[in-house]
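Turn these sequences into a full structure, and let the hints guide you.
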Amino acid sequence: MAPVRVGPLTIGGGAPLAFIAGPCVIESPAHVLNMALAIKEIAARCRVPVVFKASFDKANRTSGRSFRGPGLDAGLAALDEVKVRTGLPILTDIHEPAQAAAAAQVADVLQIPAFLSRQTDLLVAAARTGKVVNVKKGQFLAPDDMRHVVAKLAEAGSTAVLLTERGVTFGYHNLVVDMRAFPMLRALGCPVVFDVTHSLQLPGAGDGVTTGLAEYIEPLASAGVAAGVDAVFMEVHDDPPKARSDAANALRLDRLEALFRKLTRIDAAARDEAAAP
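My numbering puts the first residue of the sequence shown at 75, with every later residue one more than the last.
Hints in this document: simulated from the structure, not taken from any laboratory. Any given hint could turn out to be false.
Unchecked claim - With a straight-line Cα cutoff of 27 Å, these simulated DSS-like cross-link-like pairs (lysine-lysine) come out:
no.: 1; residue 1: 157; residue 2: 132
no.: 2; residue 1: 132; residue 2: 226
no.: 3; residue 1: 114; residue 2: 132
no.: 4; residue 1: 316; residue 2: 132
no.: 5; residue 1: 114; residue 2: 157
no.: 6; residue 1: 114; residue 2: 316
no.: 7; residue 1: 336; residue 2: 132
no.: 8; residue 1: 316; residue 2: 157
Said to hold, decoys possible - Just the calculated beta-carbon pair ranges, DEER-fashion:
no.: 9; residue 1: 289; residue 2: 228; range: 33 to 43 Å
no.: 10; residue 1: 221; residue 2: 104; range: 39 to 49 Å
no.: 11; residue 1: 82; residue 2: 282; range: 22 to 32 Å
no.: 12; residue 1: 287; residue 2: 133; range: 21 to 31 Å
no.: 13; residue 1: 335; residue 2: 312; range: 18 to 28 Å
no.: 14; residue 1: 244; residue 2: 204; range: 30 to 40 Å
no.: 15; residue 1: 102; residue 2: 351; range: 50 to 60 Å
no.: 16; residue 1: 278; residue 2: 351; range: 47 to 57 Å
no.: 17; residue 1: 282; residue 2: 88; range: 37 to 47 Å
no.: 18; residue 1: 253; residue 2: 88; range: 15 to 25 Å
no.: 19; residue 1: 313; residue 2: 225; range: 38 to 48 Å
no.: 20; residue 1: 229; residue 2: 343; range: 37 to 47 Å
C-beta atoms are modelled at their ideal positions from N, C-alpha and C, and glycine is treated no differently.
So this is what it looks like as structure tokens:
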């Protein structure tokens, strides 16, 4: 598996466990900056590599009345300020091919949402920017189906691809994570990310909103790291009940440091076991 460079960080290829963390959506320029500064400080104390994530638009909200974010121009301006002030690498979603070039001016990683993971034009547009592309595996796809996604990106010139597991549909309003998915995805030659917080969604289970099971973030993340992922993706918010997107499955900011430390210890133990004769 070839490692992927994200700004000054390396994900995969034996590099330390990395984290992708931040609020689901940009709620305001001040909020997203404060979140980034806080996450950077926590990551520095824990000595872990971190990529900051936030979306300028959430185009796939359950209800048309839900908050989507500030939009492309204002959202990218806010993320650019985060990058300048913190120096953290930036990840953000794109939903349309026309957004790729503009987002690439700010973001180090362009993320393809799970529902759009087979959209060829979107994948090609992201690949052609030369940025790292993180593709979330669709809730409707098997791990080996992602080989076609990887092939589309490679044919469009992308040499830096991350694949993210975020649960698979299990009946109505539920997702499950198959731990076999991590080695299956890694067999495709790309570093593997575990989106633990989105895996705990209960899609559409609320009245026009997606609910979730944030109380299981720690055990599920621990299991994924023990299974050997290269990075952990987490929605983090300073006050989840007031979050304007994914409130029910976000990790509280004041719990982030303890989880960073625990997952780093699990990763070290898993590596030691793998290296034992």
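Tested hints:
1. Distance restraint check for residue 157 and residue 132: the Cα-Cα separation of roughly 21 Å lies within the 27 Å cut-off, and the hinted pair is therefore satisfied.
2. With a C-alpha separation of about 24 Å, the suggested pair residue 132 and residue 226 falls inside the 27 Å cut-off, and the hint holds.
3. For a cut-off of 27 Å, the pair hint linking residue 114 to residue 132 stands: about 24 Å separates their Cα positions.
4. At roughly 17 Å between alpha-carbon atoms, residue 316 and residue 132 fall within 27 Å of each other, so this suggested pair holds.
5. Proximity of residue 114 to residue 157 is assessed by CA-CA distance (about 11 Å); at most 27 Å being required, the pair is judged to hold.
6. Under the criterion of a C-alpha separation no larger than 27 Å, the hint pairing residue 114 with residue 316 is consistent with the structure, at around 22 Å.
7. Pair hint residue 336 plus residue 132 does not hold up; C-alpha atoms about 31 Å apart against a cutoff of 27 Å.
8. A distance of roughly 25 Å separates the Cα atoms of residue 316 and residue 157; the hinted pair therefore holds under the 27 Å criterion.
9. Between residue 289 and residue 228 the C-beta distance comes to about 39 Å, which sits within the given range of 33 to 43 Å.
10. Separated by about 42 Å at the C-beta atoms, residue 221 and residue 104 satisfy the suggested range of 39 to 49 Å.
11. Checked against the hint of 22 to 32 Å, the pair residue 82 and residue 282 fails, with Cβ atoms roughly 41 Å apart.
12. A C-beta distance of roughly 24 Å is found between residue 287 and residue 133, which places it inside the suggested range of 21 to 31 Å.
13. A C-beta distance of roughly 19 Å is found between residue 335 and residue 312, which places it inside the suggested range of 18 to 28 Å.
14. Checked against the given bound of 30 to 40 Å, the beta carbons of residue 244 and residue 204, roughly 37 Å apart, stay inside it.
15. For residue 102 and residue 351, the hinted distance range of 50 to 60 Å is satisfied, since their beta carbons lie about 54 Å from each other.
16. For residue 278 and residue 351, the Cβ-Cβ distance of about 49 Å falls inside the hinted range of 47 to 57 Å, so the restraint holds.
17. In this structure the supplied range 37 to 47 Å holds for residue 282 paired with residue 88, their Cβ-Cβ distance being about 45 Å.
18. Look at residue 253 against residue 88: about 21 Å separates their beta carbons, and that is inside 15 to 25 Å.
19. Between residue 313 and residue 225 the beta carbon distance is about 42 Å. The supplied range of 38 to 48 Å therefore holds.
20. In this structure the supplied range 37 to 47 Å holds for residue 229 paired with residue 343, their Cβ-Cβ distance being about 39 Å.
The structure fails hints 7 and 11 (numbered hints given earlier, in ascending order).
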